[in-house]
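Spelled out from the first residue to the last, the chains are:
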Amino acid sequence: MRDLDNKDLRGRSLLRFASPQVFYPVAGLLAPWFAGIAAVLTVIGLYIGFFVAPTDFQQGEVYRVIFIHVPAAWMSMLVYLVMAFWSAVGLVMNTRLSFMMARALAPTGAIFCFIALWTGALWGKPTWGTYWVWDARLTSQLLLLFLYLGYMALTEAIEDARRADRAGAIIALVGAINVPIIYFSVQWWNTLHQGASVSITKAPTMATTMLMGMLIMAIAAWAYTIAVAFWRVRPIILERERHTDWVGAELERLGSR
Amino acid sequence: MSGAGSAFAAVLRRDLTLAWRGRADVLVTLAFFVVVVCLFPFGVGAETNQLRAIGPGVLWVAALLSTLLSLHRLFAQDHADGTLEQLLLSPEPAALWVTAKIVAHWIVTGLPLVVVAPGLALLFDVERDALGVLTVSLALGTPILALIGAIGAALTLGLRGGGVLLALLVLPLYVPVLIFGAGAVDAVLGGMGASAHLLLLGGGLLGAVALAPFACAAALRIAVE
Numbered sequence: 004m005r006d007l008d009n010k011d012l013r014g015r016s017l018l019r020f021a022s023p024q025v026f027y028p029v030a031g032l033l034a035p036w037f038a039g040i041a042a043v044l045t046v047i048g049l050y051i052g053f054f055v056a057p058t059d060f061q062q063g064e065v066y067r068v069i070f071i072h073v074p075a076a077w078m079s080m081l082v083y084l085v086m087a088f089w090s091a092v093g094l095v096m097n098t099r100l101s102f103m104m105a106r107a108l109a110p111t112g113a114i115f116c117f118i119a120l121w122t123g124a125l126w127g128k129p130t131w132g133t134y135w136v137w138d139a140r141l142t143s144q145l146l147l148l149f150l151y152l153g154y155m156a157l158t159e160a161i162e163d164a165r166r167a168d169r170a171g172a173i174i175a176l177v178g179a180i181n182v183p184i185i186y187f188s189v190q191w192w193n194t195l196h197q198g199a200s201v202s203i204t205k206a207p208t209m210a211t212t213m214l215m216g217m218l219i220m221a222i223a224a225w226a227y228t229i230a231v232a233f234w235r236v237r238p239i240i241l242e243r244e245r246h247t248d249w250v251g252a253e254l255e256r257l258g259s260r
Numbered sequence: 640m641s642g643a644g645s646a647f648a649a650v651l652r653r654d655l656t657l658a659w660r661g662r663a664d665v666l667v668t669l670a671f672f673v674v675v676v677c678l679f680p681f682g683v684g685a686e687t688n689q690l691r692a693i694g695p696g697v698l699w700v701a702a703l704l705s706t707l708l709s710l711h712r713l714f715a716q717d718h719a720d721g722t723l724e725q726l727l728l729s730p731e732p733a734a735l736w737v738t739a740k741i742v743a744h745w746i747v748t749g750l751p752l753v754v755v756a757p758g759l760a761l762l763f764d765v766e767r768d769a770l771g772v773l774t775v776s777l778a779l780g781t782p783i784l785a786l787i788g789a790i791g792a793a794l795t796l797g798l799r800g801g802g803v804l805l806a807l808l809v810l811p812l813y814v815p816v817l818i819f820g821a822g823a824v825d826a827v828l829g830g831m832g833a834s835a836h837l838l839l840l841g842g843g844l845l846g847a848v849a850l851a852p853f854a855c856a857a858a859l860r861i862a863v864e
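In order, the protein sequence lines correspond to chains B and E. The opening position of the first sequence corresponds to residue 4 in the working numbering, with each subsequent residue numbered one higher. The opening position of the second sequence corresponds to residue 640 in the working numbering, with each subsequent residue numbered one higher.
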């Protein structure tokens, strides 16, 4: 791998970005752009959500929490899948960067999970009269948060980076297989015991502006996730590659700034 | 018997012998199960109808916790004395002897729970008809707990605070087993028949047998390298 000089790095294959050395500056370059997109879209989305979108004829103003709640819930599930995907890629292709991406994504997924639960509770109190019900969606979202916490706790508890990566990858994949099982089991448990309970799956037909606001917020959440993951992966790369020359040069540059 | 079969039998016999020599450890797990179950009436009140309602769930949660308590022993001793590395270096497929170890572990820790549970269920005044289903649900469910737990035990092998970490990793994955296991008993008590729950547990067991030993073997390789 010594002769992996600049000429090869500028090769046409997209796979060259799998090299931490190539990806590090790219992540640094792209992260502010995605952060900017996220900020602009959040402002637009929240403006639509809080000022343009009409008051819901059933729920009044309370429903407006969906502009944060629904994108957060979507992202929490998606980030876990992406994390499991990078873990699988890392285990199969033995690429270091994919493990680093998985670890950079986990805290963001956990935060979105927490936001979804929290905003859901705040919405539930005025709407259902309670902060929490053991509804299928809520319960499986809570268990997803535990899965994130387990992944992060495991990878943080193992000091050897190689073992931490691979152990985390296995638990991420086991979790990914279990998430649908958990979801359906919880759903069945709920319907068997309590009959038809409150469901947030059947949303009332939505006004176009509401949908617009929600989709814009969802895209903003995407951009935020990408920006934060890129930012978080950069120090991980530096730490893991600290034995290399280019990291030494980069640290010197950062130090002199 | 083929070579693979005899390797499986050898590991199984060895682990059972070791467990028999250290009987006290095994009895502690069983005692924990009994004590946890007996704590519930003190916590929620000894009103008969209420106890009858929570009985199956209490037994299942207690079974799950005592499984968790015993899991760290699955590989810890072999890891400490180097047996694990020898097993990993042996030509036998790792998933094979991992399965043997899990089977031995279940015979030692899971099977006693299955045997004791109906007696404890009587303390909660669970109906006679449901006792058989409770036993079957535990017999199908506790091996799944052992198989999933083995992955967690392998991942946390030799870590500081591994026990708590193991609980955090494994408990969310145990939820479906808990739901279907306790659900089977509740379904019988509700007059609905438990076959759907038991079939799902059986399917879960087959799936876990097929997949968990491989994940567990991979996790062990990572832990010792």
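Since the hints were made in silico from the structure, they are not lab data. From a predicted model like this one, the values you see are computed outputs, not experimental measurements. All C-beta atoms in this analysis are idealised placements derived from N, C-alpha and C, irrespective of residue type, glycine included. Do not take every clue at face value.
To be verified - To spell it out: a stretch of chain B is covered by chain E in this simulated footprint if at least three of its residues, at any positions, have a beta carbon under 8 angstroms from a beta carbon of chain E; those stretches are: (1) 113-122; (2) 156-166; (3) 179-186.
Coverage claim, chain E over the segment 179-186 of chain B, checked by counting residues with Cβ within 8 angstroms (three needed): holds (count 4)
Given coverage of the segment 113-122 of chain B by chain E, tested with a Cβ cutoff of 8 angstroms and a minimum of 3 residues: Our answer is that it is violated, as 0 residues pass the Cβ test (under 8 angstroms) against chain E, missing three.
8 angstroms C-beta test of the segment 156-166 of chain B against chain E, three or more residues: This one holds; 6 residues, not fewer than the three required, reach chain E with a Cβ under 8 angstroms.
The structure fails to meet hint 1 from the earlier list, while all remaining hints are met.
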